[in-house]
Each structure stands twice: as structure tokens, then as C-alpha cells.
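**Student:** Here is how the chains run, residue by residue.
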Amino acid sequence: MFECRLPKAKVLKQIMDALKDLIKEAVWDVSAQGLSLQSMDSSHVSLVQVTLKAEGFDSFRCDRNIALGVNMDTMQKLLRCASNDDNITLKADDNGDLLTMVFENPNGDKTSEFEMKLMDLDIEQLGIPDQEYSCTVKMPSNEFQHICRDLQNIGESVKLTIVKGGVDFSAYGDIGHAKIHLTERANVDDEKDAVTVDISEPVNLTFALRYLNFFTKATPLSGQVSLEISPDVPLVVGYEIEDLGHVKYFLAPKIDQEDDE
Amino acid sequence: MFECRLPKAKVLKQIMDALKDLIKEAVWDVSAQGLSLQSMDSSHVSLVQVTLKAEGFDSFRCDRNIALGVNMDTMQKLLRCASNDDNITLKADDNGDLLTMVFENPNGDKTSEFEMKLMDLDIEQLGIPDQEYSCTVKMPSNEFQHICRDLQNIGESVKLTIVKGGVDFSAYGDIGHAKIHLTERANVDDEKDAVTVDISEPVNLTFALRYLNFFTKATPLSGQVSLEISPDVPLVVGYEIEDLGHVKYFLAPKIDQEDDE
Amino acid sequence: MFECRLPKAKVLKQIMDALKDLIKEAVWDVSAQGLSLQSMDSSHVSLVQVTLKAEGFDSFRCDRNIALGVNMDTMQKLLRCASNDDNITLKADDNGDLLTMVFENPNGDKTSEFEMKLMDLDIEQLGIPDQEYSCTVKMPSNEFQHICRDLQNIGESVKLTIVKGGVDFSAYGDIGHAKIHLTERANVDDEKDAVTVDISEPVNLTFALRYLNFFTKATPLSGQVSLEISPDVPLVVGYEIEDLGHVKYFLAPKIDQEDDE
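So the protein sequences, as listed, match chains A, B and C. First residue of the first sequence: 1, per my numbering; consecutive thereafter. First residue of the second sequence: 1, per my numbering; consecutive thereafter. First residue of the third sequence: 1, per my numbering; consecutive thereafter.
No more than 25 angstroms apart at the CA atoms, straight line, and that leaves these computed lysine-lysine pairs for BS3-like: (1) B/K13 - C/K179; (2) B/K217 - A/K77; (3) A/K179 - C/K77; (4) A/K77 - B/K179; (5) B/K179 - A/K117; (6) A/K179 - C/K91; (7) C/K179 - B/K91; (8) C/K91 - C/K13; (9) B/K179 - A/K8; (10) B/K179 - A/K10; (11) C/K20 - C/K53; (12) B/K10 - C/K179; (13) A/K179 - C/K117; (14) C/K179 - B/K77; (15) C/K13 - A/K179; (16) C/K10 - A/K179; (17) A/K91 - B/K179; (18) B/K179 - A/K13; (19) B/K117 - C/K179; (20) A/K179 - C/K8; (21) A/K217 - C/K77.
Computed spacing ranges between beta-carbons, pair by pair: (22) B/D120 - C/E242: 52 to 60 angstroms; (23) A/E201 - C/N213: 55 to 63 angstroms; (24) A/D93 - B/A194: 33 to 41 angstroms; (25) A/D174 - B/D190: 52 to 60 angstroms; (26) B/I128 - C/E191: 51 to 59 angstroms; (27) C/E191 - B/N84: 20 to 28 angstroms; (28) C/T196 - B/N84: 22 to 30 angstroms; (29) B/G96 - C/D190: 37 to 45 angstroms.
Rather than coming from a laboratory, the hints here were simulated on the basis of the structure. Don't be surprised by glycine CBs; every beta carbon is placed ideally from N, CA and C.
Let the sequences and hints guide you as you build the complete structure.
**Tutor:** Structure (C-alpha cells):
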């Protein structure tokens, strides 16, 4: 039997919002360690990986590892019926074909119980190797979202040029050229406004804006986003979920003419 | 001659919002007692009934009973031209084919006068018999609206199960099953947050969510909604308009398998 | 070489919003006096004229007169990438085919540089003769916007009847008739709430609401709008931009039956 409880439905709603445009169906793997999900997007270009640690929940019980195959759209639709402040309980039997979600309002006089049918999904898990990255950029997640959205007006790709002390985001297109420069920003009142660049060697790589814009749907989950980047390996766009886990997206660089400006 | 005046256009705008998706044309019956309207919805499934008492107006004069046939869409469009705080005057001659609406802003330097053409409508009035109901539920109108909207994600119908102390709203569909339980709620800071269940015998009836969702367009009119319900007679969904009257909707229960869960 | 700087991108964004639905391509004429633009709308019915004076900028340098042909949609798209509080610099070489726009955030650690390709446009400038007008009405710009929007629900045209002390806006249509009367309003707390009517002879002219509603896209630029009106010449709808210049729209009256009510 599996049963877990979160004090606020909001975080689970935000996680579904962060995933639903990328993936249609996915498997939540449940173990004593917590919940996790890994899936290629529906066009098999990027990968998303979610970890929610057992100790981040109000209560968490999992007697045997189980796999919950869900239609993401349905799960999001049902979670939308929860108010942000409702507490939420997820339950499933070891061999059942239902996921039960219970939402309870703060003063306890409204309880909503949803039973969602599970799907038999056969999804292959890719191993994600541990990796050292040449650069790690941390920046306000909403600033990253704006930049990706703005540059999509110009072109299909963004070139990330990371050097000591700053980052350039450039895009080319029929209507012109754009370069957004962000300088490291350390002395800030609010930690989430910081921009930090941790670099062992400069990088200069190009990525598809279409996918970065999908990833920024996770913006409400975290004040900061981290970009981990090295030549020849996928970029990692990571959002930490306070005390609970993370959502990470992986996207391989474009290998075309990224050096001619 | 008919002439009446309300201090705020807002309430009349809200009434039109509450009616307009259900009915395309209707007759406002004007008498010395006030304004009233009764109409089946355009697919002849539900019935709506509005009463606005003469004593709720700033001034009300009606020399002879008259019937004002209006296109609801047109009347709503014109009322939208009034600001919420404008005072509003309705005028019609006894044998005229025009309804005049005058909106005046609070400091009196802007006056808008709209003359709307009336229609010759032949609408049969149904008698609505006085009725004792097995159960009367009163609850926050926005909570009822949320429940009806949420359950429409699951199925086409909602089953209302009313017992002493609480109400269950259940829905079934391809994606699963939902049950929302509301417990009676008496000690509240704000009267409109209360949930009360007045019951002489338990009921268990099923209704089309499509129509309940039309009815909840009246939510802005009143903090509370009342559900009056008895076996074999239409449900009454009622919204009181403070000091002025009410909007009531009538909907017959579905007679299919409402008892197998 | 041309280079100018504004402390807030907001005003330039608002100007583009005010123009973009009317004109697809236009030429910004740059001289030592400032920036100006004049263009017929794409259906050649109305005319728009913009003046931004050199002295209204933080800095302004123009060595030789140049003409910058721009696609309005592209320019607006790029300006939308600026935050309202960013300062903005425009730059162009004397014989170049690029307009460079640089946005810098207030604390100076984010710089966005956009290079927009210019177009070779051959646009004929109409002389706008200096003119005395029979009436000048000044009123809150958002009130004018509401009136034009409301009356479009009734008919295609508005008749302006201006007499000493007030203005009538009337419209006729299949659903009825509307007349909105505005009285002169002098004693107001906020200057932008005033309604003033300056009149040498009464006028009574009819205009296409479709175009007036395009013009009111300039509403955010100014708290007040001015209507300058005389028989047989185009109405001027003007929005002053504080310390910087103005946007003016010209629209000829309709010559059909404007006098039979």
C-alpha cells in the first residue's frame, strides 16, 4: 500500500503545470525513498526528471515499490479541483488500478475524493550519468523565462555564451539580431534575485528555444533556476522545490554553426 | 406609463449576466408589484424565474400592466454601457414599442440614454406550484459554483446525496470518480460562509451539470445559494437579491440509474 | 549618426501600441528637431502623425536627417522585450540599414541589444495645413474610449453634437438608439477628469466609430484627449505625451445624412 500527504496542494498543481505540455503519459515510480518520474517529451527531444523525497512529505508510506501510469492531462484536471491551500493525500493499493487523491480544506469541512484510473504504461528508463559541468549559472527563474520568451520573437535558437562574470543570450532571425547580457549579481536583498556564474571553462552552445520555453513552465516552483552546461552533453535546467525535491530538464545542444556570428 | 429607478446599474447588469446564456428572448412583466420574468431555457429543459419587487426600487410607477418583450443579448449589451455605480432609470409607454434606459453617473454630468426596440413575444407562462421540499441546503454561492465546475471535468451529471449534517456531490466518468463532501458549517465569521442543511427526509437525486453550470452565472448576485430539493419534483436553485427580489432556476432530476454507485 | 535615449521604455511601447493596429509599415523621420512619423492607415482613410521633440529625450544627437523605414509589428515585438522601467537607447548609422535598440535595466546588470533590419519605404508625406477649429473638446481619454466602445454596440457611426457647455455622442442601429450627453466639468480634483468645451460655432458631424476605436489605443499615453472639429475638415483626435510630444489622428467626417434624427 502507498499513501502520502502534503500540506498544500499548490506544489503538486505546479509540478503538473510544469510537465503537462511536455509529456502526455508518464509513470510515477513510488518507493520508500519517495516519488519520482522520468520521461522523454512526446517528440523525444528532451528529457524531464522529477524527484519528490519521502522526507519532504507530511507523511509517507510505501510498503512495496509500485509504478503509477497516469495520463498527465487527467491528473492535472483533477488536481485543479483542489484549492491551493487544501491538504492533499495520494493513495494506491499495491495491485490496484486506481490512484485516489483526497483534498481537504484547511478547516476540515470540505473533503473531495477523486479516484483516477491508472494506465498500463511500458516506459523505458534511461540512466542519467552523474556529470561534472563546465559552467553552472544560477539566476532568477522569472528572468530566465522572460529572456527565453523574448528571444523566441527573434529566432528559433538561443546561443549561450558563458564567461567569467556574465552570460550572453543571443538569437538571430529574419527581423534582426538580439543579444541579452546578464552580469553576475551578488549583493541583493532577496537571495532569489542573485545571478551567479560558476565556471571552469567558458562555453558557447546553442539550444532550441521551443524546448527552453516548455521548461520555463516550472517557473512558479522556484525563485531560482540553475543552468548546468558543458560541451557535448545535454544542458540541465533545474528547479529546486523547497524541502521536497526538484524538477530537471535535459536538452542536447544544437550542433550546427554555433560559432559564426 | 412605466418608470422605475435603481441607484446602481450593477445589479441589473448582474441579472442579465445570470440569464443571458440560458434564454435568448424573454418578456418582462411589469405591474404595480414590480418586474418579473419567467422563461424556459432555449432547449426547454430548465426554467428561470425572476422577481424584482417595486418596493426595492428607488422609485417605481406602473399605471397599467405591460409586457416588455426583449432580446436578452441586446439588453445585456446596452446595460454593459452603464458603469456599475451609475443610477439607472427604465421607462416605457403603455402602448409603445420602445424601452428607454437612462444611465446617469454619480456626479450627474454624464447621461446616457438608450432606446431599445421591443419585440412582440408570445410566451406561455407556466404556473409554478407552491411546494414543501424534503431538503433545503444553503451554502456559499461561489463554493457551489466551484463544485459544479470541478465535477464537469469528470462527468455529465452530479448526484446530490443529502443527509443530516452534510451533502455529497458525486460524479462518474471515463477518467474516474469524484465525491465532494461538505459538512454543515454554522460558526462562521461571515454569514455567507455558512453551510446549513435543513432536512425532513434524506434525498439522493441526479442532475445535469450543464444546467447547474448555467445557473451559477448568478453567483455574483448573492453570497449564498439555496438548493431546495424533493424526490420527483424539480430542484430549485435560488439566489436572493438583497432588498430587491430573487433569481430562481428549476431543473428536473435525471431519472436514470441514480442509485447504483 | 543618430543616437537618442529615453529614461523609460514604457512611453515608446505605448506609442507603438497606439500605432500598430492602424499602420503596418512607416517611416520615422529623424532630424535635429527630434523624431516624427506620419502615415495614412492601411486602408487609406485616416492619418496619424507623431512628434517626439529632441528636447524631451535624455540625450539626442542627429548629425544628418535620416529616414528609418520600419515594420511596425516587428518594432513593437522587439520593444515588448523591454521592461517598462528599462532605459532605452535608439541608434542608427547615417547610411546603415539597421536600427539598434538597447534596453538597460535600472540597476545596470542586464543589457539587451536588438538590431532590427530597416526597410526601404517610399512614403509620400501629406502637408497638414494649420487650421482654426470651430470647437475644441478636452475630456478624460478613458471616458472617450468607453463612449466609442459602447456606441459601437449600437451602430457604425457616431454623431458629435457640440454646443456651448456640452457634447452629445449619438448612434443609431437596428437594435435602437443611443445618446450620451457629457456636461462641461471644471471643478475637479484631478485635472485629467475635466471636460472643457471651447466653441466658436456649434458643430454637428458624423464619424466612423471603427476608426475612433483604433485611435483610442493611444489612451494610456495621456489622461486627456482633445477633439478638434470644424465642418468640412478632418476631426483631429490628439493625445499629448508629457514633455515629449504628441500623437494625433485625423479623420474626415461622413457626408451622409448627418442631420436627420
